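Just so you know, the protein sequences line up as chains D and H, in that order.
Just so you know, our numbering puts 223 at position 93 of the first sequence, and the rest follows in order with no gaps.
Just so you know, our numbering puts 647 at position 293 of the second sequence, and the rest follows in order with no gaps.
Hints listed in this document are in silico derivations from the structure and should not be mistaken for laboratory results.
The structure displayed is predicted, hence computed values, not measured ones.
Yeah, the Cβ is synthetic: ideal placement off N, Cα and C, and Gly gets one too.
Watch out, some of these pointers could steer you wrong.
[To be verified] Here are the simulated DSS-like cross-link-like pairs (lysine-lysine), alpha carbons at most 25 Å apart as the crow flies: (1) D:Lys171 x H:Lys659; (2) D:Lys162 x H:Lys673; (3) H:Lys476 x D:Lys171; (4) H:Lys673 x D:Lys171; (5) D:Lys139 x H:Lys481.
[As the list claims (entries may be wrong)] Simulated restraints, written as ranges between beta carbons of each label pair: (6) H:Leu431 x D:Leu185: 47 to 55 Å; (7) H:Gln917 x D:Cys213: 50 to 58 Å; (8) D:Leu161 x H:Glu881: 39 to 47 Å; (9) H:Gln631 x D:Leu138: 26 to 34 Å; (10) D:Gln177 x H:Tyr428: 56 to 64 Å; (11) H:Tyr428 x D:Tyr242: 39 to 47 Å.
[What the hints assert, rightly or not] Simulated coverage check for chain H against chain D, where a stretch passes if three residues somewhere in it have a Cβ under 8 Å from a Cβ of chain D: (12) 404–413; (13) 500–506.
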Amino acid sequence: MTFILTSLKIVAVDISWSIVYFPIWWYSSGLKMAALFVFRKISDAEQALAIGILLRYLFKPMYADYTKSGRAISLVVRIIHLCVLLVLFIVATIFYFTLFIVWLMLIPAVIYFIYLNAQVI
Amino acid sequence: MTETPDKIPPLQLYPWPDSTSEGKGWAKNRLLGWFNGKVLYWERDVDELSIWATKLRYFSRMTWLTMLGLFGVYGLLLGAWQLFDIIDIGFSIKAIWEAREPRLLFFWASVIVDLYLYYAVKSEAQKKRLIRRVKPASQQLLKTDFEEILKVPRKEWIEISQYLTAESLQLVEQSVNASSTLKHQLVEPIHLMEVIAKHKNVRLVFARLGVSPKLLSEMIDRSLKIKVQGYRVTPALSQSYHQLLLGAFEEAYLRRSENIEVTDLFIAIMKTGKTAQAILYDLDVEIDELRNVVTWINIQTILRKRFRRYRSKARFKPKGNMNRSMTAVATPFLDRFSSDLTQLAKAGMMTFCVNREAELESIYRAVESDSNGVVLVGNPGVGRKTIIAGLAERMVSEDVPPVFRDKRLVSLSMSALIAGAKAPGALEERLLNIVAEVMRSGNIVLFIEDIHNMIGINTERGEGLDLSEVLDEFLKKRSFIVIASSNPLDYRRYVENGSLGESLHRIPVSEMDENQTTLVLEAKSSEIEFQQDVYFSYESIAAMVKYAKRYMHERFFPEKAIQLMEEVGAFVRRTHGKKQIVTAEDVAQIVSVKVKMPITKISEKEGAKLMNLETRIHERLVGQSEAVKMVSEALRRARAELRDLKRPIANLMFLGPTGVGKTELSKTVAEVYFGSEEAMIRIDMSEYQEQKSIDRLIGAPPGMTRGDEGGYLTEAVRRTPFSLLLLDEIEKAHPDILNLFLQVMDDGRLTDSLGRTIDFTNVVLIATSNAGTPLIQKRVREKVPIKKIRDELINTELAKHFRPEFLNRFDGIMVFKPLEPKELFEIAELLLNKVARRLDSKGIVLKATHEAVEELVQEGYDPAFGARPLRRVIQNKVDNALANYLLTGKLTRRDVAILEPGGVIRVEKAERL
C-alpha cells in the first residue's frame, strides 16, 4: 500500500514540476532554440541566394568581358540582380522574424483568448 | 579519422573506502575513476526498486502525454467545427475575432496543451548530456590515493550514468534483472554480457567475426550456471561492474563519441570481465579484433552521416560551367578535351575517398603558399585518383580553402588532346587555346593525369618547344592552378629535372600501410556487399590485407586489396549464392588461383597427398630415395607454414653424375608443388662464367645498353614469383655471381639494376652440380654410405668450388647415386610406358617382353652418363622400328605390337571387322 502511495507521489511531483517549468523553458532554452532556428534559416537563405558572393564580385565583369561596355553592362545587371535578391532576402528575413515574434507572443495570446472565451460561460 | 589520438593516460581506479561519510552500505564496491583531469563515478541506483521507479515514471509520463495529446486533437477538431460554422454564416475576419463560444474555450485550452506537449518532447531531448571533449588536462598528475581524489573540486566530477544512451541504460538495467532472476548476489559483467549479446549491434560484431550466436549464448549460459546461487535479493553492482561502467566512459571518450553507446559497454566488458575474456579466448577472438570490428561498424555510421551532409551542401553547387559569382565564361574548346570532375562528384559518380586528409591538406598548403601547381607522385594503385575525387567532392561542398572555392575541377584528357592533331603546330595551338579559356574563365582548376606524357610531345618532330614547356610558361606566371599526377619512375626520369619539375610542387603519395588499407576496405565493404549481396567477415578482410601484402608484390595498397575484395565478393556470390558470409578461406582460394600456389588450408585429401609425397615422386623418378625424402620434408614444412617466411621455401643442392635424375626430381617438385612442370625457371650457370654476365642476370645499370630492361633472373622471378628456380651446373658460375645468390638464399630478395626489390621468398631454389662425380662413383663402388660420401665431398671437392658460407646456406645438400642395373630396368620400363602412351592415342597397344627390356638396359648402360644413353637406345631401337611399321601400314588401329629381344617387333593383328 505504501509502495503504491510512494509511486503516486513520485508521479504527481514529476507532473506538477513539468507544468511549472513549462513557461520557464519557453522563455529560456526554448527561446534560445527558436532564435537559433531563425538565425540558421536566414543564413541558409543568404547561402541559397549567394548575396555575399555577388557583393564581393560587384565590380568584376560578368562572363569575363573586360571591355569598357562589358564592365558597364555588367555593373548595371549586377545591381539589378542584387536588388532582386535583396528583396527576396528581406521577404525571407521578415517571414522568419515573424515566426520568432509569434514564438514570443504565443503563450500570452493564447491565455488572452482563453480569458476572452471563458467570460461566455 | 586518422587524427593522432590524444595522449591521455589510461583510466585509474580507486575503491571507495567503507569508512567515508557516504555510509557503509552505499560505498560498497563503488569506484572512483581518474581520467583526463576528471573524476568519474557512477551514482545512479540500478536496484530493482529504482528500475521499477524509472519504468513507472516512463509509463506515467507516456499516459499523461497521451491523454493531453487526445485532448489537443479534440480541441483542434472543435476549432475546425467553429470555423465551418462561421463559414456557413459568411466568412469574415471580424466574425472570427468576435466569436465567443465555449467551444472556442476548449480550442484555445487545447492549443496551450499542444504547446506543452511540444515543450515536453523538446526539453526531454535537450536533457541528454553529451560528452564534451576537453584538452588533455595539465594536472595529469597521477593521484596516489583516494584522499587526493576527494580533494579535486566538485565541478570536475562526472556522474557517468547521464551519458549512457537510453539503449545502453536499458541494457544495464536488464543485466540487474538477469542477475536477480538467477538469484545471484552480485551483478557481474557476465550478466551484462548475457543481455548485450542479444543486441543488434553486438550480434553484428559477432557475425562479422564469424562467431555463431548459438555457441556464444551456450557458453554464456554455462558460465552463469557455475556461479553460486543464494536466496533472492536485490543484487548490488560488483566492483568489476563499476570498473566496466567507468571503462565504457573511457572507451567512448577515446573514440570521440558524445554518448556511451552499446558497443562501448561491450568493449568494456571484454576489458574487465574475467569470464567474458575467457569466453572470447575460447572463441579465438582477440580484443584488438573486436575493437577493429566495432570501428568498422562505426565507420559506416560516420560515412552515412558524412554523405548526408555532403548531399545537403552539394545542392548549392551550380550545375553548368558557370560559377556562382558569374564571372566565368563558357569554355567550349576546353570541354572538347576534358571532363568536369566537380560535376561528376555532384552527380555522385566519383569514388568516395576515405583516409586521405593528410594528402589533401598538403595540396591546400602548397597551392595556398607560392607554388604554381602540384604534382602527386605515387605508384599506380596508391590512390592518386581517389585523392583527386576527394578534392572534387570537397570542392562541391565548398569545404576547401578560399582559392579553391566556387571553382570547377576539370580533368584534361591527353589522348583527346593529341588525337588528330596532325598539322604542324596544331597540338601547341590546341593547348594554347585551352590555356586561354582556362585563364579567361578564372574558375577552373586543371587536373592533368600522368603529366610526364606531355614531355617531348610536339608536332614539329622534336624541334621547338614541347607541350610541357608551353604549359610551364603559364604556370610560371601563376595564371591558374594545375594539379598533376605522375609515378615515381617517370617523374624522376622526365619531370624532376625539367622545367615542369621546378614549377610543380611535388607531393609524394605513399603506399598505405596495412591498418589504413583495412580501414579503406571496411569503408568500401558496404558498397560491394550491396552490389554482390554477400557479407564480409572480419577474418576475410584481414586475410585480404595479409595475402595481398604477402603474395601480390607487383601492385600497391590499397588498390590491390580493393580489387581482391571485389573479386572475392563476386566469386562467393557465384559459387555459394547470395546472402553468404565471405570467409578467409574464400579469399585464400582466389589468391591461390591468382598466384598459382597453394595457400588454402590443407584439406584432408591434400594432407594425405603430402604425406605420400615420396610415393608420388617415385612414380616418375626411380631410386635416389634419400634426396626424395629430404625434398618431400622441405615441401611439407613449407605447406604447413612452418618455414621461415623471410627466406626461399627451400634452398637445396643436388650433387651427382649426369643422368641420374637431378633435373627430373626438380621437374617433379615443380609439378607437385606449383602445379606444373612449366613453373620452373632454369638457368644454365655455365653461361655465366664471367663477372660481366651479372648484368644479364639482374639487368644492366641505367644508362647502359638495354639498361631499362631488367635482368633475365630478376624479370623471370618478378613475373612468376611462385616457381622453382633451377641453377644448373652451379660450380661453373663466376664467384661474384655466387655471392649474389648468397643474398637470395639468406634474405629472400634481390635488388635489380632498376632499384626494384625482387621477392624470392616463394621460390624453391635448387642448385645442381656434378662436381666430384669421379669421387662419388669411386666411393659408391666401395660401398661407402651416402652420408659419408656427402661429408667427404663437402670437405674436399666442393670446397674447391664454393666458399663455406655459401654451402652453409643450403637447407640440404643431397648426393645422387649412380644408377644400378635394377633401377635402370625400372627406368627403361618408365620410358617404354611413355612410348606406349603415345601409341595409345593411335589405337595401338605396345607391350615388351622382360628379355627385350633387359637387352635395352644392357645396351644403354653407361656408368658415366647414367640413364641418358638409355633414352637414346630406346629412340633408336623402338621408336624407329615403330615408325617404319606405322608408315608401311603394318601397324593399324587395334593392333598389338610386342617388343622382343633383338629389336624385333611382333605384330598381333586385330580381327578384321
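So, going through the hints one by one against the coordinates:
no. : hint                            : verdict
1   : D:Lys171 x H:Lys659             : 21 Å, holds
2   : D:Lys162 x H:Lys673             : 37 Å, violated
3   : H:Lys476 x D:Lys171             : 19 Å, holds
4   : H:Lys673 x D:Lys171             : 23 Å, holds
5   : D:Lys139 x H:Lys481             : 23 Å, holds
6   : H:Leu431 x D:Leu185: 47 to 55 Å : 50 Å, holds
7   : H:Gln917 x D:Cys213: 50 to 58 Å : 56 Å, holds
8   : D:Leu161 x H:Glu881: 39 to 47 Å : 45 Å, holds
9   : H:Gln631 x D:Leu138: 26 to 34 Å : 46 Å, violated
10  : D:Gln177 x H:Tyr428: 56 to 64 Å : 42 Å, violated
11  : H:Tyr428 x D:Tyr242: 39 to 47 Å : 22 Å, violated
12  : 404–413                         : holds (count 3)
13  : 500–506                         : violated (count 0)
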